[in-house]
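Listed below are the residues making up each chain.
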Amino acid sequence: MDLNFTPEDEAFREEVRAFLKEKLPARLSDKVRTGKHLTKQDMEEWHAILNERGWLAPHWPEKHGGTGWSVTQRFIFEVETAMAHSPRVVPFGLSMLAPVLIKYGSEAQKDHWLPRILDGTDWWCQGYSEPGAGSDLASLKTQAVREGDHYIVNGQKTWTTLGQFADHIFCLVRTDNSGKKQEGISFLLIDMATPGIEVRPIRLLDGDAEVNEVFFTDVKVPVENLVGEENKGWTYAKYLLTYERTNIAGVGMSMAAFEQLKEVAQRQTRNGKPLAENPMFAARMAKLEIDLENMKTTNLRVLYEAGQGKAPMAESSMLKIRGTEIRQEISDLMRRAAGRYAQPFIGEALEEGFNGEPVGPAFAAPVSAQYFNYRKLSIFGGSNEVQREIISKSILEL
Amino acid sequence: MDFSLGQDRQMLVDSLGRYLSANFDFSTREKALVSAEGFSRDMWAGLAELGVIGALFTEDAGGYGGGAFDIGAVFGEIGRAIALGPFLGTLMAGRVLQAAGETDVIESLISGETIVTFAHEPAIDGEGVMADPASTTRAGEGWTVSGAKGVVPYLAGADVILVTAETDGGLSTFLVERGADGVTVSDYPLVDGGSAGELTMKDAPARLIGEAGAAQDAIDDAIAAGLVALSWEAVAVMDVLRASTLDYMKTRKQFGIPIGKFQALQHRMATVALEIEQARSAAINAAAMLHEDPVKRDRAASAAKYTVGKTGVLAAEEALQLHGGIGMTWELPLSHYAKRMIMIGSELGGEDEHLERFIALGQKAA
Ligand SMILES: Cc1cc2nc3c(=O)[nH]c(=O)nc-3n(C[C@H](O)[C@H](O)[C@H](O)COP(=O)(O)OP(=O)(O)OC[C@H]3O[C@@H](n4cnc5c(N)ncnc54)[C@H](O)[C@@H]3O)c2cc1C
Numbered sequence: 000m001d002l003n004f005t006p007e008d009e010a011f012r013e014e015v016r017a018f019l020k021e022k023l024p025a026r027l028s029d030k031v032r033t034g035k036h037l038t039k040q041d042m043e044e045w046h047a048i049l050n051e052r053g054w055l056a057p058h059w060p061e062k063h064g065g066t067g068w069s070v071t072q073r074f075i076f077e078v079e080t081a082m083a084h085s086p087r088v089v090p091f092g093l094s095m096l097a098p099v100l101i102k103y104g105s106e107a108q109k110d111h112w113l114p115r116i117l118d119g120t121d122w123w124c125q126g127y128s129e130p131g132a133g134s135d136l137a138s139l140k141t142q143a144v145r146e147g148d149h150y151i152v153n154g155q156k157t158w159t160t161l162g163q164f165a166d167h168i169f170c171l172v173r174t175d176n177s178g179k180k181q182e183g184i185s186f187l188l189i190d191m192a193t194p195g196i197e198v199r200p201i202r203l204l205d206g207d208a209e210v211n212e213v214f215f216t217d218v219k220v221p222v223e224n225l226v227g228e229e230n231k232g233w234t235y236a237k238y239l240l241t242y243e244r245t246n247i248a249g250v251g252m253s254m255a256a257f258e259q260l261k262e263v264a265q266r267q268t269r270n271g272k273p274l275a276e277n278p279m280f281a282a283r284m285a286k287l288e289i290d291l292e293n294m295k296t297t298n299l300r301v302l303y304e305a306g307q308g309k310a311p312m313a314e315s316s317m318l319k320i321r322g323t324e325i326r327q328e329i330s331d332l333m334r335r336a337a338g339r340y341a342q343p344f345i346g347e348a349l350e351e352g353f354n355g356e357p358v359g360p361a362f363a364a365p366v367s368a369q370y371f372n373y374r375k376l377s378i379f380g381g382s383n384e385v386q387r388e389i390i391s392k393s394i395l396e397l
Numbered sequence: 000m001d002f003s004l005g006q007d008r009q010m011l012v013d014s015l016g017r018y019l020s021a022n023f024d025f026s027t028r029e030k031a032l033v034s035a036e037g038f039s040r041d042m043w044a045g046l047a048e049l050g051v052i053g054a055l056f057t058e059d060a061g062g063y064g065g066g067a068f069d070i071g072a073v074f075g076e077i078g079r080a081i082a083l084g085p086f087l088g089t090l091m092a093g094r095v096l097q098a099a100g101e102t103d104v105i106e107s108l109i110s111g112e113t114i115v116t117f118a119h120e121p122a123i124d125g126e127g128v129m130a131d132p133a134s135t136t137r138a139g140e141g142w143t144v145s146g147a148k149g150v151v152p153y154l155a156g157a158d159v160i161l162v163t164a165e166t167d168g169g170l171s172t173f174l175v176e177r178g179a180d181g182v183t184v185s186d187y188p189l190v191d192g193g194s195a196g197e198l199t200m201k202d203a204p205a206r207l208i209g210e211a212g213a214a215q216d217a218i219d220d221a222i223a224a225g226l227v228a229l230s231w232e233a234v235a236v237m238d239v240l241r242a243s244t245l246d247y248m249k250t251r252k253q254f255g256i257p258i259g260k261f262q263a264l265q266h267r268m269a270t271v272a273l274e275i276e277q278a279r280s281a282a283i284n285a286a287a288m289l290h291e292d293p294v295k296r297d298r299a300a301s302a303a304k305y306t307v308g309k310t311g312v313l314a315a316e317e318a319l320q321l322h323g324g325i326g327m328t329w330e331l332p333l334s335h336y337a338k339r340m341i342m343i344g345s346e347l348g349g350e351d352e353h354l355e356r357f358i359a360l361g362q363k364a365a
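Quick note, the sequences are listed as chains Z and V, same order. Counting in numbering that gives the first Met the number 0, the first sequence runs from 0 upward without gaps. Counting in numbering that gives the first Met the number 0, the second sequence runs from 0 upward without gaps.
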């Protein structure tokens, strides 16, 4: 056993750092660091910078535009970009749809869609959940009926993250009602400009509208937009979810957020002393730090296994649970660190170029909104309860 | 032993509950939320008429209650409706005014004519530096106050501000007109609704309340009463979180059955229910001790604030989690209860601070 990075890995780390220093615009990293809202243009800008360097899709096979990095290098890249406060890469096309297309799509689909994901032509969103189908995703009802060269889609998707920015949506649709519910699902790619699609924003508790409802009325989708085989969509959907989960775990993001917490705890005081020296707060931070260190190694172990060719299944559930718990705990401690200044909420202060009066310590502006927003982490990508079901069934065999 | 509220208080609770459900539904709350003052003056006037503000003060001061359980009963209803308004500031400033025999001011608070807030904690600036505690100067017969106070509740809507400030002999309390020369207010909305503001005073004319340098006891009493109030409010918010979540668990179906049938979730709610009962007991303890000697009083108040802080996080997080996506929406009142619940933890000290205070007071008593 050897937990050290090799000299080659360390050289790679330096290369990543040099790239970030040169290419990550300070405007973007400042926004990320201070918890400001990123616009569509911000996300596209960073996407293009990574693509130009060829580092946008480390997890793709090289022939489609992947980097050919080892799992360790991918881990280093994730950590370094997060520690530098890079914007998050929007995952829907790159990390959800692409792996499905690469594994199950036709050559024509790969040739058509993958380059468009890389160069930013298409912005994808994820049409899985429905009002009646959340945890029980397989009970989805949105229907696609084959008519000649088209499917006619009717129904509703919901909780569609960033659907307001998207021009394409990948959907799970029902193509057969006769057998087991998992056996009548298909995976369909839909252009959102098609007549009959309506997107309505949903306002979340933090006041923001990052999710949407998407309604489909007699939407015509060409049959060549079916991925894989008809009625086999459930297999693809589950494959995608494994990727989604590992992505949500976000070890790099937690490491960056923990660094910020440490800084805040040095500056912010309670009873005249820095929070870092307050026994209660220090204990909360220490437990978090230990958990995070453990999690880092758990994550590396899972990556190592994956590098040996084993597909992560239930392990991705473990990472998802603990990763999201840690991210939520950090946001909880930031809120606690702000004390009474966690309560003021000036929405405009989270937008770029805000020049109004800041209220209280500078770090406090986004902390409550973020804490509430991060409740989503244990709900989406398969709720943490559903992950525990997976663990108890497939690892523990209970 | 008697754990009932008593007939009079029960009547007050019932009529207050009825008033709020008739006049303060979700859409009214939404309007108040975006208003400049963060609450509805009409509602405040209605509550004054109902005797709700008077219930916070003793008969000697012109009120009709003022006992710890009166305060608890009123704040319980406020929590149940997550009502927005200067309740806490009125209670805390009013306690100080009441102790100083300022019955005229109390009278105008009770009638709803004057709105007061309580400005005690110093402001903190962008660098995290705390402003000096406000200082005072004698100006002829009167005084002036200078300094900055932070997160003062409902500052924009207040007519007068009860300010704590240092004088030669120790802490004193003053009434400052919000519109007076030298007073600057920068107000903002709160994440859980309502509003607050940063208060800056520069040689602002101030009227001394009580004796100069002798306000510490009255301030401590006001804080203790505030903690009782918040604890009762918190328990009521938890009750709503629990009830809404249980309702939802019985109606929301996944995998063909109500999610409330999943044993994993049943046990989670059983824990929430148990903890809420513990929190209710803590709030009752704090109220029962409000008129005891200060160490006992403050220990019980801190015990309650610690308990509702800890349990509040559990109740809010579980309620959101067990609702799934729908719980995260603005449209569902539940999310606003969750926000209020968490933010009660930011008012008058959080759970850790009160645990520390509980330990320190225990060492003092021993
Ligand atoms: C901010 C946000 C963004 C999202 N983005 C997207 C997106 O882009 N695309 C998309 O398709 N979906 C998205 N989702 C939807 C998300 O995947 C669902 O919310 C999630 O699957 C849970 O479904 P639900 O909300 O219907 O909750 P429900 O399934 O109704 O669950 C309610 C509660 O019951 C629990 N529960 C359910 N079944 C069981 C069981 N068998 N055992 C124990 N507990 C159980 C759940 O864990 C949860 O606590 C998003 C959700 C949120 C909140």
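Hints were generated in silico from the structure; no laboratory data involved. Remember, it's a predicted structure, so these values are computed and weren't measured experimentally. Just so you know, even glycine gets a beta-carbon here, dropped at the ideal spot from N, CA and C. Mixed in with the good hints there might be a few duds.
[Said to hold, decoys possible] Listed next, the stretches of chain V that the computed footprint assigns to chain Z, with coverage defined by at least 3 CB atoms under 8 Å from CB atoms of chain Z:
#, stretch
1, 10 to 18
2, 84 to 96
3, 111 to 125
4, 331 to 342
5, 349 to 361
Status of each hint after checking the structure:
Taking a C-beta to C-beta cut-off of 8 Å, the stretch 10 to 18 of chain V contributes 0 residues in contact with chain Z, too few for the three needed, and the coverage statement is violated. For a cut-off of 8 Å, the count of residues in the stretch 84 to 96 of chain V with a CB near a CB of chain Z stands at 0, and the three-residue condition is violated. With 5 residues bearing a CB less than 8 Å from a CB of chain Z, the stretch 111 to 125 of chain V meets the requirement of three and the coverage assertion stands. With 6 residues bearing a CB less than 8 Å from a CB of chain Z, the stretch 331 to 342 of chain V meets the requirement of three and the coverage assertion stands.
Using a Cβ-Cβ cut-off of 8 Å, 5 residues of the stretch 349 to 361 of chain V lie near chain Z, which meets the minimum of three, so the contact claim holds.
In summary, the numbered hints that this structure violates are 1 and 2.
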